[in-house]
Amino acid sequence: MRPRIALTYADSLRRVIEIAIERELVDAVEIVPSGYLAAGNARLLRERLAHFGVPHSFHFIEGSLASADFEAGPLTEAMADLIAEIPPFQVSDHLTCCRVGDVDLEMNLPILMNADSLAICVENVQTLRRALGERCPLLLEHVPRYFEFRGSTIPAHEFLAEVAERSDCGILLDLHNLLCDERNVGLDAEAFIRALPAGRIREIHLAGGRALPGDSTWIDGHDGEVPARVFELLDVALAHAEPALIVLEREHRFHDFDRILADLEQVRDRVSA
Amino acid sequence: MTSIDPRRANLALVQREFLDMLRGVHPEGERWATEHLHAGPSPAMLGFLRSAARSDRRARLRGYFPRFVTHADLPPAWLASLASPIVTARFEAALDHHFAACLELVEAWPEAAAWRDCLRIERAEALQRRWPASTIPELVAELRTLALPDKPLEFDERGVCDRPGFCFVQLDTTLIDLWLVPERSPREACEWGGPRSAAVYWCSRRQALRVVEFHDLRELALSLALGA
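Line by line, the protein sequences give chains A and B. When we follow this note's numbering, the leftmost residue of the first sequence carries the number 1, and every step to the right adds one. When we follow this note's numbering, the leftmost residue of the second sequence carries the number 1, and every step to the right adds one.
If you are wondering where the hints come from, they were derived from the structure by calculation, not from laboratory data. Mixed in with the good hints there might be a few duds.
Now the in silico label distances, taken between C-beta atoms and shown as ranges [unchecked claim]:
no.: 1; chain 1: A; residue 1: D168; chain 2: B; residue 2: H38; range: 28 to 38 Å
no.: 2; chain 1: B; residue 1: H38; chain 2: A; residue 2: G73; range: 27 to 37 Å
no.: 3; chain 1: A; residue 1: R150; chain 2: B; residue 2: R7; range: 17 to 27 Å
no.: 4; chain 1: A; residue 1: D102; chain 2: B; residue 2: T135; range: 42 to 52 Å
no.: 5; chain 1: A; residue 1: E158; chain 2: B; residue 2: E35; range: 40 to 50 Å
no.: 6; chain 1: B; residue 1: T135; chain 2: A; residue 2: R270; range: 22 to 32 Å
no.: 7; chain 1: A; residue 1: G186; chain 2: B; residue 2: E35; range: 14 to 24 Å
no.: 8; chain 1: B; residue 1: I4; chain 2: A; residue 2: I19; range: 50 to 60 Å
no.: 9; chain 1: B; residue 1: E138; chain 2: A; residue 2: E47; range: 19 to 29 Å
no.: 10; chain 1: A; residue 1: D188; chain 2: B; residue 2: E142; range: 23 to 33 Å
no.: 11; chain 1: A; residue 1: R150; chain 2: B; residue 2: E138; range: 46 to 56 Å
Heads up, incomplete: computed chain B residues facing chain A, CB under 7 Å, no partners named [what the hints assert, rightly or not]:
no.: 12; residue: P6
no.: 13; residue: R8
no.: 14; residue: L11
no.: 15; residue: A12
no.: 16; residue: L19
no.: 17; residue: R31
no.: 18; residue: P41
no.: 19; residue: S42
Bear in mind that the values here come from a model prediction, so they are computed numbers and not experimental data. Heads up, the beta-carbon is just placed ideally off N, CA and C, and yes, glycines get one too.
Could you put together the complete structure from these sequences and hints?
Structure, rendered in structure tokens:
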């Protein structure tokens, strides 16, 4: 089945999304609902999504699903309430640890990948699934590995696949994160994609980024055009799996709308081929 | 009594040390990174992460509105109900928690061109809400012309810059970007006193509290560090 195509919602992209819908470049919207969660402003979110008249997915960023002290609580209750009030067709969050105790760095940070952390991730994801009421598919996204832990004993693709399998969740394959890993830690991105269980890959993210000034580190900035290598990886991913959704993430530097539309055209051409 | 899972306790210890290392508050952060990480983060990456990490979400949310709930998004009645807190405790909290962190980032990546362009794009987005017939690229181009980017901002003795399209008040070494409305200017605000009073006055007029609008410090760090 042909996957849906979405652009991330940002206020500045409102007109671009309208144009993309008119041109049949997108048929869904993905939104990071954090601001609305924090403000308790589901009404505003509902109005904005209703404006487009297309299905939506939620991409959460606050779960910190690899945190040792993750537990169900007010945050997961707020997420569940939002899902119940404005039902998405799927939701996702990240396999990262940016929060322990009262410290929350709100970033996608690399994680320790060993047997214990894997078991804890599985428990955490199962906890989140129960908290969300299993109203829609839950997907897990791997994050860029700007560096790696010496204590990691499980390859990243195995870790992601195992957590997804054991917790019965989908995988959100972020191709720009893989580009970061290719450039920063020498990952074989194509092998990574092919090693994942195809049936679990329900969503794909595309984005652009850039190198830190004076440094070769490639950052997942979500602030530029999609690099050609990411489209190559999209071809590999589409040959391997049949995702339900492909999302172009653009969250910063909203000044090159034509290029955003051009990137969406490339996605559409690939899924239509 | 609930027993603590030893696996979770051990992992929590590693994760806490990891986050403390990134925040630069681990007493032996360098040694920890060497012991626990393969080829740890580069100095630039570490600087980026540390700058982005030196914040607390709850403190930030107390200090300013989340990105997605800007003034322009709110109906007038809500805006009225929110105006009062801005000019009192929340504004001061923003100065303490928010501007200090911004300053760190600005110092870490002193790319003036990126900083100014970031402001232009933000301003253009705001102006487009007022004049939707103009596109954001058109407005950015117009702001670039107005700003004469080769010419540095000039502040008078009160720390006020009245350049058309860019109205800044300098508070200590932090730039506060005030929203421009045609009939008002920072100079008018400064009739009420020094820069801090001017900023408070501006907020009391429901022009937004501004440094640069962003969702979190990671985003600001990216804007400043990675801006072309």
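Earlier hints that do not hold, by number: Hints 5, 10, 12, 17 are the ones this structure does not satisfy, whereas the remaining hints hold.
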